[in-house]
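Assemble the complex: chain A is given as a structure, and chain B must be docked to it using the hints.
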Amino acid sequence: MTPDRTPQRPASPAPREEGNRRVRRVTRGVAAAAILGTAVFGGLAWAADDDSGATSSGASATSSPSLGSFFGDDDDDGHGSVDQGWQAPSATQQPPAATSGAS
Amino acid sequence: MSGVPASVRFRALGTTALVAVARPGDLDRAEEVLRRELEAVDAACSRFREDSELSLLNASPDEVVQVGELLAEALAVALGAAAMTGGDVDPTVGRAMSDLGYDRDFRLVERRGPSWLVRVEPAPGWRCVLFDRRTRRVRVPRGVSLDLGATAKALAADRAAAAVSAATGGGCLVSLGGDVAVAGPAPADGWPVRVVEDHRRPEEPGDTVVIHTGGLATSGTTARRWRAGGEARHHIVDPRRGGPASEVWRTASVAAPTCVRANVASTAAIVRGRDAAAQLERVGLPARLVGAGGDVLRLGGWPEPRE
Numbered sequence: 001m002t003p004d005r006t007p008q009r010p011a012s013p014a015p016r017e018e019g020n021r022r023v024r025r026v027t028r029g030v031a032a033a034a035i036l037g038t039a040v041f042g043g044l045a046w047a048a049d050d051d052s053g054a055t056s057s058g059a060s061a062t063s064s065p066s067l068g069s070f071f072g073d074d075d076d077d078g079h080g081s082v083d084q085g086w087q088a089p090s091a092t093q094q095p096p097a098a099t100s101g102a103s
Numbered sequence: 001m002s003g004v005p006a007s008v009r010f011r012a013l014g015t016t017a018l019v020a021v022a023r024p025g026d027l028d029r030a031e032e033v034l035r036r037e038l039e040a041v042d043a044a045c046s047r048f049r050e051d052s053e054l055s056l057l058n059a060s061p062d063e064v065v066q067v068g069e070l071l072a073e074a075l076a077v078a079l080g081a082a083a084m085t086g087g088d089v090d091p092t093v094g095r096a097m098s099d100l101g102y103d104r105d106f107r108l109v110e111r112r113g114p115s116w117l118v119r120v121e122p123a124p125g126w127r128c129v130l131f132d133r134r135t136r137r138v139r140v141p142r143g144v145s146l147d148l149g150a151t152a153k154a155l156a157a158d159r160a161a162a163a164v165s166a167a168t169g170g171g172c173l174v175s176l177g178g179d180v181a182v183a184g185p186a187p188a189d190g191w192p193v194r195v196v197e198d199h200r201r202p203e204e205p206g207d208t209v210v211i212h213t214g215g216l217a218t219s220g221t222t223a224r225r226w227r228a229g230g231e232a233r234h235h236i237v238d239p240r241r242g243g244p245a246s247e248v249w250r251t252a253s254v255a256a257p258t259c260v261r262a263n264v265a266s267t268a269a270i271v272r273g274r275d276a277a278a279q280l281e282r283v284g285l286p287a288r289l290v291g292a293g294g295d296v297l298r299l300g301g302w303p304e305p306r307e
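Residue numbers (my numbering), protein chains in the order written: chain A, 1 to 103; chain B, 1 to 307.
Hint data in this document are derived by calculation from the structure and do not stem from the laboratory.
Backbone N, C-alpha and C fix where the C-beta goes; we use that ideal spot for every residue, glycine too.
Do not take every clue at face value.
[Stated by the list, open to error] Chain B stretches covered by chain A per the calculated footprint, using a threshold of three residues with CB under 8 Å from any CB of chain A:
(1) 157-168
(2) 182-196
[Stated by the list, open to error] Here are the in silico distance ranges between beta carbons for each label pair:
(3) D275(B) <-> Q87(A): 37 to 47 Å
(4) E247(B) <-> G85(A): 31 to 41 Å
(5) Q87(A) <-> R282(B): 40 to 50 Å
(6) G143(B) <-> G85(A): 43 to 53 Å
(7) G273(B) <-> Q87(A): 23 to 33 Å
(8) T222(B) <-> Q87(A): 25 to 35 Å
(9) R142(B) <-> A91(A): 45 to 55 Å
(10) R298(B) <-> G85(A): 18 to 28 Å
(11) P95(A) <-> A59(B): 22 to 32 Å
(12) G301(B) <-> Q93(A): 13 to 23 Å
(13) G293(B) <-> A91(A): 18 to 28 Å
(14) Q93(A) <-> R240(B): 38 to 48 Å
Pulled out of the complex, with its shape left as it was, chain A reads as follows (with noise of 0.2 Å):
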């Protein structure tokens, strides 16, 4: 067993566009509303005013808030739908390689 590892910052920190034009610093109330365009998420997303025009890529989980839907057909978080070649877990004694339980 190796040490635990410090964990360091990313190379590249995650950039704030603060200043930017296509980002527009948000207060509050009335201001924030003034920006913020189609319903994605349940949440909403700003919108298009960045030079492509568009608004949000998020799915419309809105219609969907089943946890039924999470596992249909839609790709919604972003990991592919419902794999073809899944297979259900078997039984079996083998020893474990892992072991699954809260943490």
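Relative to the frame of chain A, chain B by itself:
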């Protein structure tokens, strides 16, 4: 091939990380890739690091912030999970978690003692978070704190397994505190996984199952428990109440095509309580539920244990 040729484990993300490889010669490379991936996830998504990207976002209320690609992916997964579970798995529980006393690494929570006063209020709800996945811009309202704990670990397992398999060209299993993902060619007999209530105690009663693809996750109320405000608390918050979910099921294990999906379903099952079994049956995911009294319910094709 039977069993697992090689594996290594270490502490990461406040829990135990493990990578197993189908070809022993891949182990060093696999560990390197896993460590790098987990460092990136921790730096982006940790609620307990003041310098994490998530902490910086939470500390910028009402501001539009452009986040990095990894945090954007984690936010998309978390908000997607909230949408698809109707808000049962909701990332806006950050403040509720803190109010319950879980505002630091869990080892420090345990040491604080039971006199901590708690406040229980409903989570603000995921709909208040404004997020554009394409531009990676996000706005978190004042008073809202995001916690990605319900999905980020599973996402990290999926990402790490894919990255290890891509780097080595071989099959692997990654487990992060019991959230398991596999990728690449599995051993001939698959990846055997012990399913119990606490991932640190594989010797306790449970089932051993084989998976070949996808993921397997367990959520439960028996781990990460503490006392605060005179009552026992656990880390799975019912967003609608802001307090710990009622303990109809003390453990839920689910297998799915990805670890994220398995984890969202298992966490939602704990929150949903009595309704969970029927809903899991409907979506057809194999699941193993352990009731508050220890009774075990296997459904959705979850295999009966071999004698």
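Query - Hint check, failures only - result: 1, 3, 5, 11
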